[in-house]
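S.K.: Just so you know, the sequences run in chain order Y and G.
Just so you know, this note's numbering puts 166 at position 166 of the first sequence, and the rest follows in order with no gaps.
In short: position in the second sequence from 1, add 218, done, that's this note's numbering.
One should not assume that every hint holds.
[Stated by the list, open to error] The calculated EDC-like cross-link candidates involving lysine to aspartate or glutamate, where the alpha carbons are at most 16 Å apart (straight line), are:
#	chain 1	residue 1	chain 2	residue 2
1	G	K336	Y	D198
2	G	K231	G	E243
3	Y	K118	G	D416
4	Y	K118	Y	D107
5	G	K336	G	D325
6	Y	K61	Y	E18
I should point out that these hints are in silico values taken from the structure, not numbers from a laboratory.
All values reported here derive from a predicted model rather than from experimental measurement.
Number of protein chains: 2
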Amino acid sequence: MSRASGVPVPTIKFYLREGLLPAGELTSPNQAHYGEAHLRRLHLIRALTDIGGLPLASVGKVVEAVEDHERPVHQLLGAAARTVDLALPDPVDSDGAVRVQARAMADELIARRGWEVKPGHPAVEALTAAMASVLSVGHGDYLDYLDEFAAAGERIAAADLAFVARRQRPEDLVERVVVATVLGDAVLAALRRLAQVDASARRYPPQAPESSSDSSSG
Amino acid sequence: MSRASGVPVPTIKFYLREGLLPAGELTSPNQAHYGEAHLRRLHLIRALTDIGGLPLASVGKVVEAVEDHERPVHQLLGAAARTVDLALPDPVDSDGAVRVQARAMADELIARRGWEVKPGHPAVEALTAAMASVLSVGHGDYLDYLDEFAAAGERIAAADLAFVARRQRPEDLVERVVVATVLGDAVLAALRRLAQVDASARRYPPQAPESSSDSSSG
Chain Y
1 MSRASGVPVP TIKFYLREGL LPAGELTSPN QAHYGEAHLR RLHLIRALTD IGGLPLASVG
61 KVVEAVEDHE RPVHQLLGAA ARTVDLALPD PVDSDGAVRV QARAMADELI ARRGWEVKPG
121 HPAVEALTAA MASVLSVGHG DYLDYLDEFA AAGERIAAAD LAFVARRQRP EDLVERVVVA
181 TVLGDAVLAA LRRLAQVDAS ARRYPPQAPE SSSDSSSG
Chain G
219 MSRASGVPVP TIKFYLREGL LPAGELTSPN QAHYGEAHLR RLHLIRALTD IGGLPLASVG
279 KVVEAVEDHE RPVHQLLGAA ARTVDLALPD PVDSDGAVRV QARAMADELI ARRGWEVKPG
339 HPAVEALTAA MASVLSVGHG DYLDYLDEFA AAGERIAAAD LAFVARRQRP EDLVERVVVA
399 TVLGDAVLAA LRRLAQVDAS ARRYPPQAPE SSSDSSSG
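Using the sequences and the hints, build the whole thing.
M.R.: Structure (structure tokens):
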């Protein structure tokens with residue numbers, strides 16, 4: 001399994017001890033067989049820790065949700081969401097007035113988009129914190145584009161949900177929610193960066209005639 | 219300054235020693251005055267470390283770029299982009315074949331969208347790594363939505379560039395690039411999560427008549 005995954009043996013043994021990986025099928029007293037499902041689980045654990053930056057305790061909760069096939073869909077989705085919300089950035093310090101302003105903007109946006117979200121949802125806190133940071137660094141006009149970003153977010157979320165709903169086996173649900181949030185964040189960040197590089201190359205061509213002054217009109 | 223920002227005094231002194239914050243104007247041998255610009259810089263440093271997760275060495279490079287008003291625009295953008303690219307997730311281990319497949323998909327996507335991106339760009343590596351993870355966990359059909367995500371990324375990037383170009387002072391350029399990438403990632407992650415919560419609440423209503431079985435049709 002170490003050879004197939006590139007994950008060192010001691011790390012795999014650690015995951016087994018922590019109960020993150022199920023035990024293999026014993027083929028002899030010293031030898032266990034690990035199949036395709038083990039390998040996928042191992043990749044899921046690595047993706048959650050390396051790409052999602054989740055602490056091991058949260059990975060444990062995701063794995064627990066993945067293995068619980070009895071819970072109804074909305075509870076599974078809730079459990080997965082609460083866990084992946086840990087991947088949202090920590091709120092940074094911002095003074096009270098800025099935070100109140102950011103919170104009001106977040107609430108107005110949610111009302112404007114007609115989004116069904118409970119008031120105390122971690123994503124509302126994360127949005128408030130991120131917007132408070134934008135206001136604090138003195139570039140609040142970035143938030144003029146908030147509805148544009150929200151519309152893009154809706155388009156992405158529709159694709160995410162279609163992906164989750166297309167699952168073939170019920171037990172794939174939580175795994176797919178995790179893929180669509182944690183790995184999806186990484187895919188989207190890279191795609192957005194590439195689209196920015198392209199837009200920037202077109203607006204500010206590298207071989208501008210002047211080489212020492214700002215030749216853009218802005 | 220500590221009171222206005224909520225950042226502890228020892229932390230501020232540390233930033234001053236590291237050259238991340240410029241020294242204040244001495245008003246007496248023991249007292250220095252810090253103005254609006256200092257406070258904004260302090261918020262920028264906190265945003266880069268707390269929200270962007272950048273190591274201090276990278277924050278130093280961003281600050282250096284912010285203070286260098288002589289470099290041409292495309293060089294400044296390049297410097298800012300190289301630094302904020304550090305905020306992209308680390309590539310995870312994936313076996314050679316999966317990585318080759320992910321890389322081919324990334325190259326095809328870039329060609330299909332007509333994006334002007336140099337082959338070795340860090341964002342291409344980040345996209346390849348994220349897609350390789352999706353393939354490794356056995357949910358490669360998430361990548362069926364890649365063009366949908368790319369289109370959303372283009373819409374976001376257009377708004378990002380419009381924001382950067384709207385700057386009032388030339389020295390704001392790098393700061394605005396950083397806001398539009400690092401803080402923008404945080405804003406977008408939260409918005410996407412909210413849009414997902416909304417889409418999920420509509421598709422899988424919490425008060426389903428059955429309470430112990432998967433009642434969704436998927």
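S.K.: Run through the hints listed earlier and report the numbers of any the structure violates, in increasing order.
M.R.: none
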